[in-house]
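These protein sequences, in sequence, are chains F and E. When we follow my numbering, the leftmost residue of the first sequence carries the number 26, and every step to the right adds one. When we follow my numbering, the leftmost residue of the second sequence carries the number 4, and every step to the right adds one.
Hint data in this document are derived by calculation from the structure and do not stem from the laboratory. Where is the CB? At the ideal position from N, CA and C, for every residue including glycine. Treat the hints loosely; a few may be bogus.
Simulated crosslink set (BS3-like; lysine-lysine; CA at most 25 Å straight-line) [as the list claims (entries may be wrong)]:
#1 E:125 x E:253
#2 F:152 x E:392
#3 F:152 x F:70
#4 F:152 x E:226
#5 E:311 x F:152
#6 E:253 x E:226
#7 F:152 x E:82
#8 E:226 x F:74
#9 E:226 x F:115
#10 E:351 x E:392
#11 E:82 x E:253
#12 E:254 x E:351
#13 E:311 x E:248
#14 F:74 x F:152
#15 F:70 x F:115
#16 E:351 x E:311
#17 F:74 x F:115
#18 F:152 x F:115
Here are some chain F residues the structure puts well away from chain E; computed CB gaps all over 12 Å [said to hold, decoys possible]:
#19 227
#20 230
#21 240
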Amino acid sequence: MVMISGGEYVPLYGNREQPVQVAPFRLDVYPVTNAEFLTFVRDHKRWQKGQVPQLFADQKYLIHWQGDLDTGGLAPDDAPVSNVSWFAAKAYCQSKAKRLPTLGEWEFVARANETEVAAADEDGFNKLILNWYGIPTRLPLPNVGHSFRNVWGVWDMHGLVWEWVMDFNAVMMTGESRKDASGLDSQLFCAAGAIGSADPNDYAAFMRYAMRGSVQASYSGQNMGFRCAQDIAE
Amino acid sequence: MSKFGFILYLQSLGFIVFGLLLMACQPREQPPVEAWEPPTLSQIRGEQVAELTAPPEVPPAIDRDHPTKLIVNLEVQEKVMRMADGVDYTFWTFGGTVPGSFIRVRHGDLVEFHLANRSDSKVPHNIDLHAVTGPGGGAVSSFTPPGKETVFSFQALNPGLYIYHCATAPVGMHIANGMYGLILVEPEEGLPPVDREYYVVQGDFYTRGAYGDPGLQPFDMDKALKEQPDYVVFNGSVGALTGDKSLPAKKGETLRLYVGNGGPNLVSSFHVIGEIFDTVWIEGGNATNHNVQTTLVPAGGAAIVDFKVDVPGEFIIVDHSIFRAFNKGALGKIEVQGSEEEIIYSGKQRETVYLAEGSTSQSMPEGEPVEKPVLTAAQRIEQGKHVYKNNCAACHMPDGTGVPNAFPPVAASDYMNADVERSILAVARGLEGEIEVNGKTYNNVMPRLNLSQDDIANVLSYLYSTWGNNGTEVTPEMVRDALE
Numbered sequence: 026m027v028m029i030s031g032g033e034y035v036p037l038y039g040n041r042e043q044p045v046q047v048a049p050f051r052l053d054v055y056p057v058t059n060a061e062f063l064t065f066v067r068d069h070k071r072w073q074k075g076q077v078p079q080l081f082a083d084q085k086y087l088i089h090w091q092g093d094l095d096t097g098g099l100a101p102d103d104a105p106v107s108n109v110s111w112f113a114a115k116a117y118c119q120s121k122a123k124r125l126p127t128l129g130e131w132e133f134v135a136r137a138n139e140t141e142v143a144a145a146d147e148d149g150f151n152k153l154i155l156n157w158y159g160i161p162t163r164l165p166l167p168n169v170g171h172s173f174r175n176v177w178g179v180w181d182m183h184g185l186v187w188e189w190v191m192d193f194n195a196v197m198m199t200g201e202s203r204k205d206a207s208g209l210d211s212q213l214f215c216a217a218g219a220i221g222s223a224d225p226n227d228y229a230a231f232m233r234y235a236m237r238g239s240v241q242a243s244y245s246g247q248n249m250g251f252r253c254a255q256d257i258a259e
Numbered sequence: 004m005s006k007f008g009f010i011l012y013l014q015s016l017g018f019i020v021f022g023l024l025l026m027a028c029q030p031r032e033q034p035p036v037e038a039w040e041p042p043t044l045s046q047i048r049g050e051q052v053a054e055l056t057a058p059p060e061v062p063p064a065i066d067r068d069h070p071t072k073l074i075v076n077l078e079v080q081e082k083v084m085r086m087a088d089g090v091d092y093t094f095w096t097f098g099g100t101v102p103g104s105f106i107r108v109r110h111g112d113l114v115e116f117h118l119a120n121r122s123d124s125k126v127p128h129n130i131d132l133h134a135v136t137g138p139g140g141g142a143v144s145s146f147t148p149p150g151k152e153t154v155f156s157f158q159a160l161n162p163g164l165y166i167y168h169c170a171t172a173p174v175g176m177h178i179a180n181g182m183y184g185l186i187l188v189e190p191e192e193g194l195p196p197v198d199r200e201y202y203v204v205q206g207d208f209y210t211r212g213a214y215g216d217p218g219l220q221p222f223d224m225d226k227a228l229k230e231q232p233d234y235v236v237f238n239g240s241v242g243a244l245t246g247d248k249s250l251p252a253k254k255g256e257t258l259r260l261y262v263g264n265g266g267p268n269l270v271s272s273f274h275v276i277g278e279i280f281d282t283v284w285i286e287g288g289n290a291t292n293h294n295v296q297t298t299l300v301p302a303g304g305a306a307i308v309d310f311k312v313d314v315p316g317e318f319i320i321v322d323h324s325i326f327r328a329f330n331k332g333a334l335g336k337i338e339v340q341g342s343e344e345e346i347i348y349s350g351k352q353r354e355t356v357y358l359a360e361g362s363t364s365q366s367m368p369e370g371e372p373v374e375k376p377v378l379t380a381a382q383r384i385e386q387g388k389h390v391y392k393n394n395c396a397a398c399h400m401p402d403g404t405g406v407p408n409a410f411p412p413v414a415a416s417d418y419m420n421a422d423v424e425r426s427i428l429a430v431a432r433g434l435e436g437e438i439e440v441n442g443k444t445y446n447n448v449m450p451r452l453n454l455s456q457d458d459i460a461n462v463l464s465y466l467y468s469t470w471g472n473n474g475t476e477v478t479p480e481m482v483r484d485a486l487e
């Protein structure tokens, strides 16, 4: 893990006058791999694909693995694990005395490129991310350490897999829109998506928010992985 | 919720000439509109799966006389396809094509819509059908992550031709990647029968490289924001409706084009060269207009155009915002087979010298004739460059690469390098009919250009000196000899 010293930033659905504060925390350098997840399900039988209740993982949970304890050719050891639900990701992190990063933490770290903590305004950076979003992914996924290492020392925040965050479905329910129960859906579509966004040109961020907003916690998708975070002990 | 007035409008077709005169002095009589009530559940009979078609095909007309529960299965696919020769693009599609599958339902049908998103898709998608009455046109209810399928139902309350499109943020990018198509809500009494129906949708595309730059081209957000597309095409790619994919027809048939415009940005000036639309259902709604040359199709809008093809030949479909047609790909073709109808269209009957100023202007001015300097090869090439720019580049492109399926390349052209005299004659007299250039067949017309023998020599010398051609210097004497 690496130390993220924290800071402040304006999220896509935020207010430039009131940046979000991110406290210091630690974050995994890489997304969790198939080999790591295999060790986890070996030790925690209830998260094996033949055992997991459908409430916690849909039918596609680990569907590209050959068996309960056999990853197989579509899931190389060092490739990020995907087709995992939010529940499973959360349980994995807990088993390591860690947790999923929050949406705010994840987005804060995702703003960094190789040299800058906040590269979101750099033209090339956004294009790089959009390029990845634009191309469908076939299995097997590339190994972790695939895209780039950002200035925090964290690999693959963009260009490998989508990643679960703890409060993935809180997308539209931040700040003043918290009261707006229907905001979660309606703001994502058509012109409404641009209303209230801090930067209507940040297409990359729109796509992440759309992706998170489209799924439920049992969702298992072949482009969806995760990594863990950890609080700094007081 | 008003009933279509197709029939009444058509009856008035015969009176159109008188009608036009009368309309100027008295208000046009409105056809009576019957109240239309959406069918109740008990009136919706049976259940069937809708037949969807890939462009340019259209599903057959509906022969049911009652509303039914119609199941539509549409799969979102993100896939790499051809944008132009040598140019690929990662399209996001409804059903694997751009435009997406054509959906045909009957006024009053209860449509059960299944939207599936493949597991290898990178992003969630949804669908906003402009034929839907309900929030988001179905967008909210059909929001589907990769590897899932969603279902929602709607009743087709308004007849007409409608665009559908993806409405997931960022909407512009989803549409710019090709996520649109047409849904026809057929009126209860149906549309007037025609011999052939085709499905044509215009779209604008924004790529990192310029028009024709080879390879897999990524989406360019900056160009999209500035509304400066590199490609404006019919049915998803340059040449989707030309060459062996031209739309066939026979002389004497009536054609109907279901025309849509996915945008995301541009409004189309839809026109078929050499045809007049007998009937246009303006904006895809109830109102019809007749004898229309060019009809406007807004982004996110549609139109139905009917016309009879009276004479054989090639009829070019264009966006008459014309640079899009000749420089960005907005060209399609209807090929009408049949024997000539010279009473309707004669073809060129004669060509004679046009003496605009009368014969006196032909005499030489007083004084010594000016002797033309003999140019060096380098001067010839330099002058030829300007001749090319002013007379040829519009079709053959400033870099000589031509336009796929329309105008052959003059760069590295095996056709030119094989036969200099043939090239001279082509420039001097024009060229018509099928030729093969660099392995591709072209069948088009190059007009005779009004160039002097010197200009012809210069422009050809320039072309042979550049872009990988064989370096032949063409002199005015060679041009004169060739023409004799």
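Here is what the structure says about each hint:
1. E:125 x E:253: 44 Å, violated
2. F:152 x E:392: Judged against 25 Å, a Cα distance of about 35 Å means the pair is violated.
3. F:152 x F:70: 42 Å, violated
4. F:152 x E:226: Cα-Cα ~12 Å, so holds.
5. E:311 x F:152: Not OK: residue 311 of chain E and residue 152 of chain F at ~48 Å, beyond 25 Å, violated.
6. E:253 x E:226: Outside the cut-off at roughly 41 Å; violated.
7. F:152 x E:82: 19 Å, holds
8. E:226 x F:74: 46 Å, violated
9. E:226 x F:115: 41 Å, violated
10. E:351 x E:392: With Cα atoms ~28 Å apart, residue 351 of chain E and residue 392 of chain E exceed 25 Å; violated.
11. E:82 x E:253: Distance of about 35 Å is beyond 25 Å: violated.
12. E:254 x E:351: Cα-Cα ~20 Å, so holds.
13. E:311 x E:248: 20 Å, holds
14. F:74 x F:152: 37 Å, violated
15. F:70 x F:115: The given pair, whose Cα atoms are some 15 Å apart, holds under the 25 Å limit.
16. E:351 x E:311: 22 Å, holds
17. F:74 x F:115: 16 Å, holds
18. F:152 x F:115: Given that 25 Å is the threshold and the Cα spacing comes to 31 Å, the pair is violated.
19. 227: Check fails; 9 Å does not lie beyond 12 Å.
20. 230: 9 Å, violated
21. 240: 5 Å, violated
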